[in-house]
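Residue strings, one per chain:
Number of protein chains: 4
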Amino acid sequence: MADARTTLESGRTSVGGRPSRLLARLLRPFQNATFARRGVDDVVDLCHQLLSVRGEASGARLATEALSAYAALDAPGLDDFFNRLVREFSPDPSRIDRTAAAYRTDPTQLNLVRLQHAVEAPRQELFRRLNMATGGTAALVAMRAHLLKTLAGHPERAGLAADLTHLFRSWFNRGFLELRRIDWHTSALILERLIDHEAVHEIKGWADLRRRLAADRRCYAFFHPALPDEPLIFIEIALTRGMAARIQPLLDPRAPVADPTRADCAIFYSITSCLDGLRSISFGDFLIKQVADDLIREFRRLKTLATLSPIPTFTRWLKSGADPAVQAQLSADIVALVERCERGEAVNLAEASREVRDTVCALGAYYLLQAKKAEEPPDPVERFHLANGARLERLNWMGDTSSVGLKRGLGLMVNYAYRLGEVERNHEGYAMHRVIAASPQLHKLASLATRSPKHGLSAG
Amino acid sequence: MADARTTLESGRTSVGGRPSRLLARLLRPFQNATFARRGVDDVVDLCHQLLSVRGEASGARLATEALSAYAALDAPGLDDFFNRLVREFSPDPSRIDRTAAAYRTDPTQLNLVRLQHAVEAPRQELFRRLNMATGGTAALVAMRAHLLKTLAGHPERAGLAADLTHLFRSWFNRGFLELRRIDWHTSALILERLIDHEAVHEIKGWADLRRRLAADRRCYAFFHPALPDEPLIFIEIALTRGMAARIQPLLDPRAPVADPTRADCAIFYSITSCLDGLRSISFGDFLIKQVADDLIREFRRLKTLATLSPIPTFTRWLKSGADPAVQAQLSADIVALVERCERGEAVNLAEASREVRDTVCALGAYYLLQAKKAEEPPDPVERFHLANGARLERLNWMGDTSSVGLKRGLGLMVNYAYRLGEVERNHEGYAMHRVIAASPQLHKLASLATRSPKHGLSAG
Amino acid sequence: MADARTTLESGRTSVGGRPSRLLARLLRPFQNATFARRGVDDVVDLCHQLLSVRGEASGARLATEALSAYAALDAPGLDDFFNRLVREFSPDPSRIDRTAAAYRTDPTQLNLVRLQHAVEAPRQELFRRLNMATGGTAALVAMRAHLLKTLAGHPERAGLAADLTHLFRSWFNRGFLELRRIDWHTSALILERLIDHEAVHEIKGWADLRRRLAADRRCYAFFHPALPDEPLIFIEIALTRGMAARIQPLLDPRAPVADPTRADCAIFYSITSCLDGLRSISFGDFLIKQVADDLIREFRRLKTLATLSPIPTFTRWLKSGADPAVQAQLSADIVALVERCERGEAVNLAEASREVRDTVCALGAYYLLQAKKAEEPPDPVERFHLANGARLERLNWMGDTSSVGLKRGLGLMVNYAYRLGEVERNHEGYAMHRVIAASPQLHKLASLATRSPKHGLSAG
Amino acid sequence: MADARTTLESGRTSVGGRPSRLLARLLRPFQNATFARRGVDDVVDLCHQLLSVRGEASGARLATEALSAYAALDAPGLDDFFNRLVREFSPDPSRIDRTAAAYRTDPTQLNLVRLQHAVEAPRQELFRRLNMATGGTAALVAMRAHLLKTLAGHPERAGLAADLTHLFRSWFNRGFLELRRIDWHTSALILERLIDHEAVHEIKGWADLRRRLAADRRCYAFFHPALPDEPLIFIEIALTRGMAARIQPLLDPRAPVADPTRADCAIFYSITSCLDGLRSISFGDFLIKQVADDLIREFRRLKTLATLSPIPTFTRWLKSGADPAVQAQLSADIVALVERCERGEAVNLAEASREVRDTVCALGAYYLLQAKKAEEPPDPVERFHLANGARLERLNWMGDTSSVGLKRGLGLMVNYAYRLGEVERNHEGYAMHRVIAASPQLHKLASLATRSPKHGLSAG
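Protein chains in written order, with my numbering: chain A, 1 to 460; chain B, 1 to 460; chain C, 1 to 460; chain D, 1 to 460.
Okay, chain A solo, but in the shape it has when bound (with noise of 0.2 Å):
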């Protein structure tokens, strides 16, 4: 399972073309009016309208004037547009520097809301009326994906992109998110979403889809009350007999269906963001525990919660030799199915000898357990995981036979578990101190990593 970030940042460079279809999407109820072909400066004019006192009167009606002549732009007038933005919609500097001073030298609460009042940007309060317009928020959040595209080469408008963030916390609380259920009675309209954004584990068309809302797999996905139609993220759960340790027999679509009141373990094997505009506003973990609650009291068998999730850095870790003991492990053999894999070629993992097999397990569990990039574990979906105050609980050979899994992670995949009882503590240990949580065979795994070669080693 990939978390959200991963999503983000890896995953969905690889989807090309869909971000793009997915922003006009939302911004749609904006492209068909009448008053759409203007440019920037009408954009930026009708947005001081919306501030001044005309707004008051005519918010809707100018917030959905400006949001359709903001939608008629084209990349440059796009990029304009947020220049402007940081100019003319910033705080008076002037301003901040008196209340500032007024609050050093008097820090009563009075002056604090002044200054508090004159750091506030006025696109706060741009960014606010222009969703009074009828599919408001859909447009906001698709303004900030394109943002937030734009901000690696331009740092002065860290502030713009700072004000939308600080909305959007507000906005898409977690208390007014609303979790449903995703199956073959869901509209085709959210289903689409399903396959246009699930990046981990491609939905290959409607037959596809429906054996992954059939009765031994569950979907769910947070809704908010502005975006009726569009998941923001959603998870997929297989039932099944024990901790399932591969992909592939999961998502076979010919694969019988079996009868979910007998499963006794939930495999949370993909987890998706669908909207870039509102990456860093974190869902996933709210999406985790409410599904697992949920699952708890519907199936009373369930004793395992854990999911089937990729190392997507470790073949670029282990080629990138950044730890000398490994390099010492690497036999001819390993190097030599790391490259082929990279190269994307056909490998049977079957076949590999027990030792390349046991060298790579071991490898693997010593790079979740000891590599470490700013002392947090190198692989984002670990931290996710970890994050939320998951233990690792097993690695699987052969986990994930696809060429994607076997060019990124070796084929290796994680079952990261969710045990109630010690979530919380497990994210104080590694929130707190980086603790951490795994299983004993996991460590024991690690441990063999750097021995000796010759003293053989042995995966679980």
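These are calculated hints, taken from the structure and not from any lab test.
On a predicted model such as this, the values are computed, not experimentally measured, just so you know.
Hints may contain errors.
One copy or two, either will do: identical chains are not told apart, so a pair holds if it fits within one copy or between any two.
Unchecked claim - Derived EDC-like pairs (lysine to aspartate or glutamate); straight-line CA-CA distance at most 20 Å:
1. K149 / D208
2. K444 / D216
3. K204 / E192
4. K289 / E56
5. K407 / E56
6. K444 / E120
7. K303 / E424
8. K204 / D183
Here the structure of chain A is known, so what remains is to put chains B, C and D in place on it, guided by the hints.
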């Protein structure tokens, strides 16, 4: 029609125990909890936990627990709790000074963002996390209602109040509100709210309410998705032939039901804000405008949309002697009338002399058009409608012959007309230059008020 | 609890004007139509057209027109209309004779089908086509209500009545009914129906209703998809600790609300059929059984499901002197008590002597267990519950101290218990052999009734 | 557009395995039951129980059990079951004779009612009781579908079939059907039904379906409350400028989406009955009329409502040589064309000579207007639309160039126009006198068909 503010400022104070019952209802989900019986120390401690690392893992649980403990506080406990929100959850002054200095030296967007973070009180994030509890939004609305009542005696709570106001402006943005029609198909739960809250023209039980929801009446309310059973504000409308001049016939529960398709006029005769905790988060203007749009679309014969509103401050002003030019007009008959109305005696206006009638009307018009308090009209209902872009259309003698109507406004009622084509212009004129839009008749009537009495007066 | 039939036979006659108002409501969609003011000839002509070739092309329009003309008929017009439905829309006797003869000669399935067609009255098809009008089902229900009222004086309308009954048995099949819970979230429209229709224990306004829908009460109703705002039948339930013996505490609107999760008993204290036009299309037994299933699933502590029901015919029987063995038991005190109850005088049963109490209870038990009318118990409420498979569980002295309760049953109330494990057996025993299921206590009590008075009596 | 009957008679036979899969679905609720694996004796025994006294107490349970046992029957079991429904659940001939004799002697309404009861087969009541099971209606629809397939070889089942037909005519009365618009907001479950059932112009997967539900298309279906996820019949419509003459452009999934508000024509290009078990319970005419009403209300510019329909029997008629006058027109070119079309060879009609084109069109018109089978036109699609009151408007050369279109109708397509003002008159003319409503152009075209070939022909 009284505006939201009137209802809150004057009307609601007369309603006695109701608000407390309402607040209790908003906190109900937190009142049966087993962990409720604890003191203010527990509440504050749970709030600190909610903001800590643990809060990230167990937000919803901690938020529920904190709000349950909050709901159990008695009056002194509440007072203490607000004090500690000021003391322990305000921003750090030294960090503010530091980041303000950095921004002064180098006013980049990045330094701006740092300063913005520094001035934001930690309780903002606290409130956002409390909102994760099921029912959290309602509880926070109740919290603000409690807080606002104490504000007059506690100026140091201004920052705390500003934080909740800031948050609610975001959360209750017009774009998130849902307009629903209220009729006899609506749930008893919601209809009961209307009976509870209507303070302008009291609803005397279910039979009375039923008449107000009949075919020639309309009622609409705004709802927020997180408070699905709580109307935030509602408006009551009568569909009539001709612009209604008197309120009593509209309120008569035995009045025959007219055919609404033949109406040429929609009279907005009451608008009521329901939640004290949302005071000054204004919806009234949006509600009037959207309802006006909807009515025009549904009833193609409608020519006039107007209110039938009281002048709740008229009698008080007359007695205040603030305007010497006016005092000259007050004949002994009028003085006697005012006094009898004020004392709540039965007064039959139909028996008043023509001179009394004409003079009272002229004074009413003069009051609405000429009287000023800080450059604005002193009457809050008038200010509300002028700010919305309405125009003073007609003054109605014997418009409200109830004892309250006599006492506050000598029975005068005003029609404020909403004309789609001029709302924006009226609003701008008033907002920027305090221009009062009024019909020629009202101007003429006002001009008679300060003439020498012998010239005689005549009302339209 | 009175059963559906009681309500219809006895209860409703006391409700005066209500049924007429109800019938008017069912016909309302047809009352504003411009073509309504016409006579019975027009109605019959439109009915003929509807059955003709034209009816196939323009069924919905003609049906609407016919029902509008029908809705405008006055009492003599209605009478005339029913006569003509008998005269002009009955089957053709000669065709019946012909097809019957053919079937007698050659009883093939084909000849059977021909005979079946021949005996079906053309008005059956007429009713099916009238049902195509929007609101047609409600209008036909009203038509049957009108018809049933006239049946006693018009035996020749038996065939007409049978046709509507046959049709409604198909249309209102249990498989098409929807069970809905009624609570304070239900629309005022539907709740008002409950207030209108409840005839067993009158609902005295909205505050009374609200208590009956509180957390320790339940109310369910059956609805038909074509009559979405009309409860067909509803049942009222109290969740109690211990099997309730008295009705007054259950009906007290000021009684404190108990915690329903601690209830061990569900008392079905009222069941009411709403539509006269559906008389003898029985739903009551289905409603009780499905609600029992649902309650058991929701409240795991429930041990007892029982009614609290009147004996509406008890006093009448006592006075009738039908059973000489009983007359011997009637002491002067009891005779006096019966007379005072019958006259509606205030009677304080708490002051009755122990002997009176014991004798009345014994007579009550004897009446329920031994009295017979055509081999069945004479009490309709008892017959209803026995036929459903309930068992006579307990007799309650002072069970209903209202004046109606005293008048009809000397204040006695009965608990009929529904035990899932024995409902089927009880039903069969009663249906096939008239076996009355009763608790040992009731048997013992009944046995005391005909003993010599000096032996003394004691109620359980 | 093919009518319901065509779809069922000819269209569906080509769809192979589908119906079985469908029937399985309708029986699904009864297939997992633990008591399913039993023989026909058990089914029949349960049916007898259901009709007995026990059935009154435990109807829903017994019905569920009986249908579960039914659902488990194999083909011989089914056959046996139908035989026993005929043998054991038919009415009693002697009782019929007796009551028929009584009625003959004394034809009162009471004797009529007795005779009606005597002729009603007990299985009618059996079916009504089976319907009490959850999912019972669907199971009975499946039962009738099974039964109808066997009817040709079992004339003795005519009475059994008549009973189900009689019941379904009551249950599926137009007044109980709900018209729903189908679009991309509809559940995948229902959309999948459309893909499964559309037999006229096959839907080739979800992308194809999506185009058929785009803004310039409309799709509506009738639903019954007891079968909420089963469209009974659906119609597909294209909103066009000008009356469409060719089907291929309408079906092209890549065709650009037009603005529907500019359409002046609504083309009904497919109507499909979904449930074999409802054959001859007609809805098609109601569906067309109600949809026509709705479209006219929504799109004010619509001038024409017409179908684009095939002539599925044209080629067969041409080859049959039934009409000697026609044979004279068949040039060698035409005979060759017919043969190539029939063999499914690729034929490019655009290359046909003018003479071939004109002759084929004239023959088509002649076939539609002059050919007769038992006094009616032989083409079932034509009969369906004429019976609904449509008029033959235009014949379109190259209207359907698919291989099926060529094979059955040499590519000809017909527009049948529905004009609100003349539907009733057309229907009556056709129903009573077999008058075929047709445009002057079609009359002229038909008249050319039997002229001497040298006079030449020209199509409109």
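Going through the hints against the structure:
no. : hint        : result
1   : K149 / D208 : neither (32 Å within a copy, 34 Å between copies)
2   : K444 / D216 : neither (34 Å within a copy, 57 Å between copies)
3   : K204 / E192 : both (11 Å within a copy, 17 Å between copies)
4   : K289 / E56  : between (42 Å within a copy, 12 Å between copies)
5   : K407 / E56  : neither (56 Å within a copy, 34 Å between copies)
6   : K444 / E120 : neither (53 Å within a copy, 47 Å between copies)
7   : K303 / E424 : within (18 Å within a copy, 40 Å between copies)
8   : K204 / D183 : within (17 Å within a copy, 23 Å between copies)
Of the numbered hints stated above, those contradicted by the structure are hints 1, 2, 5 and 6, listed in ascending order.
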